[in-house]
Each structure stands twice: as C-alpha cells, then as structure tokens.
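K.L.:
Now for the letters of each chain:
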Amino acid sequence: MSILRKTLLPTLGALTLFAAQTFSAEPENPPHTLAPYFTPATSSPKSPDKDGFLQRWLLLEPIKKNLRSNAGFTDSWVRTTLTTEYFPNQFTVMPKDGEKVTVADDELTWHALDSSLFNVKLFRLAAGLNKQTYGVLFWAVTVVDSPRDMENVRLAVGSNSASMWWVNGQEAVDLFGDRRMVMDDVISKRLTLKKGRNVIRGAVINGPGMSDFCVRFIDEKGEPIKDLTTSF
Amino acid sequence: MKSFLAITVPALFSIALSHQAFALDGEPYIHDPSTVAFCEGKYYTFGTGGGGLISEDGWTWHSGAQRPGGGAAPDVLKIGDRYLMAYGATGGGLGGGHNGRILTMWNQTLDPKSPDFKFTEAVVVASSDGKEDCDAIDPSFLLDPTDGKLWLTYGTYFGFIRLVELDPKTGKHVEGNQPLNIAIDCEATDLIYRDGWYYLLGTHGTCCSGANSTYNIRVGRSRKVTGPYLDNLGNDMLKGGGKLVVSASDRHLGPGHFGRMVLGDDVEKFSCHYEADLDRSGRSVLDVRPLLWKDGWPVGGDNLKEGTYEIESVGTGYALELGVDFISMAGGMRGGFRGGGGGPVTPLPLPEISQVSSNWPNTDLGVRMIDYMLRPNQKWTITPVADAGGYLGSPYFKITVAGTDRALAATADGEVIAVAAFSNKPEQLWRVDQLTDGTYRIMPKVTPNSKEPLALVAVGYSTPTLAKFDPTSERGRWNFKTP
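Protein chains in written order, with the working numbering: chain A, 1 to 232; chain B, 1001 to 1483.
You can trust all of the hints, since none of them are fake.
With a cut-off of at most 30 Å between alpha-carbon atoms, the simulated DSS-like pairs for lysine-lysine come out as follows:
1) A:100 x B:1131
2) A:65 x B:1131
3) A:50 x B:1224
4) A:221 x B:1243
5) A:194 x A:226
6) B:1131 x A:64
It should be emphasised that the hints constitute simulated quantities derived from the structure, not laboratory data.
Between the sequences and the hints, there should be enough to build the whole structure, so can you do that?
P.N.:
And the structure:
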C-alpha cells in the first residue's frame, strides 16, 4: 500500500489510525541534486541505450497543477489539460538548455539532460531542483537524427501517469487514465522517421505519484531501433 | 451466512441472477491483509493499523486478530512451531513520507485468547531513508523449500521492490546481505516457489481510492530467487513487466496483496483484498479464491458461483443425471442426409422440467452418468445454503435438480443419491473446490459412517460414487458447464 501513489486524501477508515501523525506530500530533506539520475547533456551526439530507449531530453521544470488524485484522468480531461497552451510556441519551439518560460507566475527553466536510466525520472528532476513533485505537469522535448528515411516504425511509450506524445508535430501516442510506467505500454500507429532531424515532444501529468516515462522507437518486428542519435 | 439475510433488497435481487459470485461472509473488512494463516483450528489474517480477522471455517470472518506495532500491510508465516510476523512502520506515505522500516517479531500462537499469545520485541530488518528509490513497507516472506533460506520482499511504487535474506531461526536480517532490486512500479509483493520457478507477484495500479482503485495483481518468474523476474512477454519487472493474475471481476474492484495457500490434493488458494466491494458500500474486504496454474503461470480462479450447470466428469466425459426416464425429442432425423426439404426451419423446444418431474417417484432416487443431452434431469442448480457454514473461501452448497428440490446426498454406504427433498442435513451439503487445473473437486460435508473426507468420483464410465480423492486421477475431477 502506498498512500501517496495516487491520492493525497486518505479516505479509508484504517488511515485514520495515522491521523495524529504528520502527513507530508513532499520528501523530507530533498537532496537538491540531479545525481545519480541525470547528468548534463554534452555536445557529443548520444545514441539510445542498449534497448533503444532515448535518454537525452530537454526537460522543463514542472508546471504546478495541484492535483490531489488521478481519478479524473479521463481521455477528454487529459487531452484538454495537455493541449492547453501554457507558454508561447509550446508545440513548435525547440528550446535551449537554460532558456526560461513563464507559466502563470512561475519562471520555469529548460534543462538539457541525459538520464542515467532507461526511464526519465521526472519526480527526481523535480525533487533535485527543489520543485513541486506531486500535482505536476512536465514538458519534454528531444530530437532524433535518423541516418535514412525509416518507414513503418512505431513510437513506444510508458509513463507515470497520463501523457501525450507528438512526432514531428503529429500526435502519435496518448496514455489516458491513471497510468503506471511499463516499457512499451502504448505504441503509435506506423509512422515515418525522415532522414535527418525528427522532433519528439511529450507532456506528462501526475497527481500523487512518482512521475517518469520511457520512450523508444521499435521496428515492424517490435525490435528496438538503435541507429539514431540525439544532439541539441 | 448471516450477511445473506441482512443484505439490501437490490442485493437480494442480484443474487437471484444466475452465476452470482459471493465475497466472504461476516464482516471481512480489512485493508492490506497478510497471507491467511491457520493456527489451532482457526484462520487468521492481519491488516493495516494493527487488527485483523479470524474465521473458524474460512468462510465467515470477524474482527478479533491482534497485532501490536500499528503500521501497515503485515505478513505472517509459520516456521517450525512459531509464527513470524512482519509489518511496515510508517513508509508508504504514512506519517511523513517514505522513510519506512520493516520489523519482524515472533509469537507461539495467533490466538489472542491463548495464554501463549505474546509477541517478541520487534526488530528492524529493512529500512528506507525517505530519499532513496525505495519505500520500506509491504513486506512478504518466502521460506525457500529448496534450501530453507528465508527471504523478504518489500517496497512500493516509490522506487524499487527489494529482496533481503533473513535468518529463519531469528527472523533478523542476515548480516552482510545487501538488499537487491527486483522490480519497479508495483507494491504488496509476494514471492512464491513452484516446480523450479520463483514467482514474484506484485500489485499494480492505484490503491486507496475506493471504487476508483485500479489495483490488479501481476506476476513475473525467475529460475533464481534473485531474479531477473520476467513476464510472459519476456519483459523484466524491473522495467514494469508483469503478467495479469487477478483483476476486477463481478462487483469487486481493486484486488491486491496476494497471499498463497497450498492446501494439498491439488488445491491451492490465495487471499487478497478488494479495494471496493460494491455490495458492501464499496468497503475494502478480504477474499479467498482458488489459485490455478496454466502453462507454468499462476491464474486467479473463481469460487463456484450460484447457478445451473451440467456437471461433467473430466475422466469419462459423461454428465451427472438423475436416474429417471428420459423424454425423447419429437420426431426423427430432419431434412434427410442432404439437409434439404422437411418444410420451414424452426427452433425445436427442449423438454421442460415441469413436463417430466411430476412423473418422478416421490422417493430418493439414484444418480448416474451418461451422454449430455440437454435433458431436465441432467441440469443441476448450485445454491449456497444459509447458516450452514463453509470452508476456506466458500459457503456449503446444495446441489438440486434444476427446478426441483431433489438434492444430491451422500449415503452411509459411500454412494451418492438424490433425496426427494433437501432437508439441510450435512450429507446434503457440498464443498466444491476449484483445482489447480481449473476443474473442480466435489465433496459432501459429511459422509455418514465415514471418518475420512470423500469426494464424488467416477467409477467405470457411467457410475458416480464417493471415494478418497486421488489428485493423480481424473476420476475425481468435474467441470461445471453452462447448460
């Protein structure tokens, strides 16, 4: 049982047993470091990991959504929430490391990072930057350089929790409902990666939960595509 | 079965529908139950907060089990003549985040009324500091039958599920053993062993949201206790993999906190809770269900549901029937060998019970087996019997010819008959356990003059009798098929 997994409102009778104790939604004494989960992206092109997972991303500091439950993550709610424009040129901009955007009254910074794991632990990004970790919306952007036109490939995504993903501006994958992250959870229809640069964008939203995602491309046989590189 | 009599009118209406499933009887209200344990003639399970449930028969449950220490999601295991209890103190978001501790303690008995009921001082065997990728809560034991080693898994969505080794004599953490990451993105894990495989069962989805909880139980397996635990698609549980074992069904949502019970004679069961029982105001309840094995994977089975069935022998393929005259269907072969002619195509009616039962002698009658022919004397209605008690996971049933009160009964000479009318005698009550292959074992509650439990078996091809159940034979296995 993990109360914070998906609700910040203890509703079960048993939980009243803990009512006298302090209830904290945030980790105690956050480490204020991105290590060991992330390292700064370098100027050298980066290939996917051995299983094809894309590890280099531009990640925006979390947008506060102040959700206390994921029970309302219906298709329409997620679509409306994740396609709302929070900052200018949200669906077209290619951000740079250190650039800032303003959402509501918050100034948020883009970070160019390499995940040390197959998955991108957004919770650790937020905690490491001493930002809000629960009730948050993350934006992620990356570029894959393809050595040739690749037809009939698919984008494979797992995320905690709901998310939407676009490839070269076209909506490719939606993960609606209260999701847990599992590799290859939802797969896009067949698409083409064009020779040269292809832009992938994603938005991940979570109430209480350990936000993360994993993304890779797979071929028609379901095998990971690894001859891609990322450089910003 | 008192709660059957106390439930609301809408619920009573739903019970009248065919193939209705029942949760346990009594007040089986619990969250995060431990694996059901048997101690001195009673069943016990312990939950979050310190209390737990007790049952004398495994069907009707009441509060009363006791566990000190508070905290959450305990597990209990009998080792030798003692019981080892583990529980999580804080963690899981309770009382200040994810700095959890797993503690273990011993007791000679689980019966709080026993003079021997006294827990030893709890000792910490695992912990998390609130920052690392682990939350020390939701412990579960495995006593490895291959080498006697004692293992403990723990953790939640907050990072990794971890494995540590404990000393089976002391219940303490083996010095020098380092926690090993074996899964992510699940909680309430349970490690079991069967036929050369270690199986890691974990609960995926959302807890603690009542009827919106998406809890479901999944599994990966490994040849080594240390993993890797892969699902049926080859995906590692360290990448979120997991094959479904149990999900929402009937009017029960959010199964979680799996615990296995091996009862012998090819009967295995598992305990779990549902986050919400829609027939009990959406409260969290305990359930006990059959555990099946298919192609080397555990599968959640179903306790037999009320309804009308053909009862088919797995061994012979013949159907159980009341020994009375059959009714020939009208006419002979229609349409000739070429299938043509014979007038318009229309549905043919089946004989109705009302057409034939009035001609049956008003006495006890024999039962036998024969080809299933959709006949009224081959259809049996399974009905739970109020206030007759039960066994682990189910109530006792009466088995009557559909549309009549003629009931299957055990006789003093070890045979089976259909009495003219059900009278609630113990030899007319039946226990039906789903076996690990998905077929069923059928046993009378009592066989007069018999000191050992007997089961319904096929002798020859067409004769049912009562005999000791042989798990290596198909003669005692039955299918309940929708007629």
